Amino acid sequence: MNKDIKNLVADIKSRFELVGEDYPKDDQAALDFNSRDIHSVLAYVKSQGFRQLSILSCVDWIKDNQFQLVYIVFNWETGIRLQVRTRIDRSNPKFTTVTSIYPGAKYYERDVHEFFGVEFEGNPDSYKQLFLENWDDMPPLRKDFDSKAYSDRKYPVREYAADFSKAGDKK
Amino acid sequence: MDNTVEKQENIRKGWDGISRFFRANSIWMLMYCTGCCAIELPQAMTSRYDMERLGMGPMATPRQADVLLITGYLSLKTLRRIIYAYEQMSTPKYLVAFGPCTLNGGIYYDSHAVINRLDQYLPIDVYIAGCMPKPEAVMNGFNDLIGMIKRKEANGWKKYEQNKDWYRKNQIQALGELRIKDEFHE
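Just so you know, the protein sequences line up as chains B and X, in that order.
Residue numbers are given in our numbering: position 62 of the first sequence equals residue 62, and the series is strictly consecutive.
Residue numbers are given in our numbering: position 77 of the second sequence equals residue 77, and the series is strictly consecutive.
Since the hints were made in silico from the structure, they are not lab data.
Keep in mind it's a predicted model, so treat the numbers as computed, not measured.
It is possible that part of the hints are untrue.
As the list claims (entries may be wrong) - One side only, chain B facing chain X, incomplete, derived with CB under 7 Å:
| # | residue |
| --- | --- |
| 1 | 44 |
| 2 | 47 |
| 3 | 51 |
| 4 | 52 |
| 5 | 53 |
| 6 | 140 |
| 7 | 144 |
| 8 | 147 |
| 9 | 155 |
| 10 | 156 |
| 11 | 158 |
The beta carbon of each residue, even a glycine, is placed where N, CA and C say it ideally should be.
Using the sequences provided together with the hints, build the complete structure.
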């Protein structure tokens with residue numbers, strides 16, 4: 001953990017309630033917050049030089065019945081990658097948009113809405129389709145989505161008259 | 001009377017043979033690279049294997065191209081655009097499929113976004129084996145296609161015209177709707 005990160009985390013700890021922390025690499029920090037703090041945290045770190053929202057990711061913790069939203073922001077001056085994480089309820093996944101802080105989040109929120117079904121209030125674009133066209137099932141990156149069953153139902157499988165692998169095993 | 005019919009038939013056959021000779025030796029391929037197999041095409045095209053010696057060259061638009069190369073896996077989104085491109089091509093048109101993904105889905109057999117069997121949606125003249133096929137295999141496949149055109153065996157486009165309802169039914173089953181509706185086409 002380098003000096004810049006130490007200072008940054010100490011600074012953030014003095015201002016916000018930190019739920020958890022993790023340091024995957026020398027120049028990376030992953031900090032967990034309550035979901036009500038996320039907007040103020042993001043606004044604060046943006047003012048501290050984290051100008052770029054690299055990606056908004058989502059993790060499906062199906063046993064805890066929670067989605068984890070991961071905002072990865074990047075500082076071009078110090079080269080630090082900061083993950084701002086929070087957990088939201090999985091059964092009624094709703095969150096408020098951060099497009100007022102990072103306008104580029106518009107597309108990431110569309111992405112997360114399409115693949116995980118999280119609704120972002122205040123971003124009307126997040127309901128539009130981005131990658132999937134005419135999708136007719138549950139969001140496909142949720143853990144309880146059965147990709148094989150969907151593929152078998154939608155796309156016919158080729159049937160082979162002879163099973164060559166079995167014939168090869170006999171000798 | 002019979003004599004003239006026979007004569008005309010001979011002339012038609014003669015012209016047919018000549019046109020097939022020229023078609024087989026001047027194939028323009030549509031550069032629409034869908035998957036990872038496309039990475040083998042630059043080697044097949046450039047000086048080492050030199051596709052040009054078979055009379056093959058790249059063409060930018062579907063309406064002027066003869067052969068459509070499906071280089072690897074096809075996602076639903078791409079399939080919709082490929083159908084657009086294939087139906088725009090003027091006959092006779094040929095379709096060459098690369099790799100196992102076009103045959104049975106390959107490593108994407110259980111993916112929600114990738115189709116399993118391409119021959120359900122479009123008629124295929126030549127399959128090229130390998131994941132990915134080496135440039136030798138690609139050149140061999142093109143040689144096969146040229147031989148098939150000379151022998152009148154590359155009839156995928158006729159099959160597509162005759163069984164269009166069956167192909168259309170499969171396309172709609174997978175895609176829901178053929179029309180492209182994204183924010184660039186609104």
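Here's how the hints hold up against the structure:
For residue 44(B), the shortest C-beta to C-beta distance to chain X is roughly 33 Å, which exceeds 7 Å, and the interface hint is violated. Taken as an interface hint, residue 47(B) does not check out: its beta carbon lies about 33 Å from the nearest beta carbon of chain X, beyond 7 Å. Look at residue 51(B): its Cβ only gets to about 27 Å from chain X, farther than 7 Å, so that hint breaks. The beta carbon of residue 52(B) is not positioned within 7 Å of any beta carbon in chain X (closest approach about 24 Å), and the interface hint is therefore violated.
For the restraint placing residue 53(B) at the interface with chain X, the shortest Cβ-Cβ distance is roughly 21 Å, beyond the 7 Å limit, so the hint is violated. With 7 Å as the threshold, the beta carbon of residue 140(B) comes within range of chain X, its nearest partner Cβ sitting at about 5 Å, so the hint holds. For residue 144(B), the interface hint is violated, the least distance from its beta-carbon to any beta-carbon of chain X being 13 Å, above 7 Å. Because the beta carbon of residue 147(B) sits about 5 Å from the nearest beta carbon in chain X, less than 7 Å, this interface hint is met.
The interface hint given for residue 155(B) holds, since its Cβ lies 4 Å from the closest Cβ of chain X, which is under the 7 Å cut-off. This hint holds: residue 156(B) has a C-beta 6 Å from the nearest C-beta of chain X, less than the 7 Å allowed. Using the Cβ-Cβ criterion of 7 Å, the hint placing residue 158(B) at the interface with chain X is satisfied: the shortest such distance is roughly 5 Å.
The structure shown violates the earlier hints numbered 1, 2, 3, 4, 5, 7.
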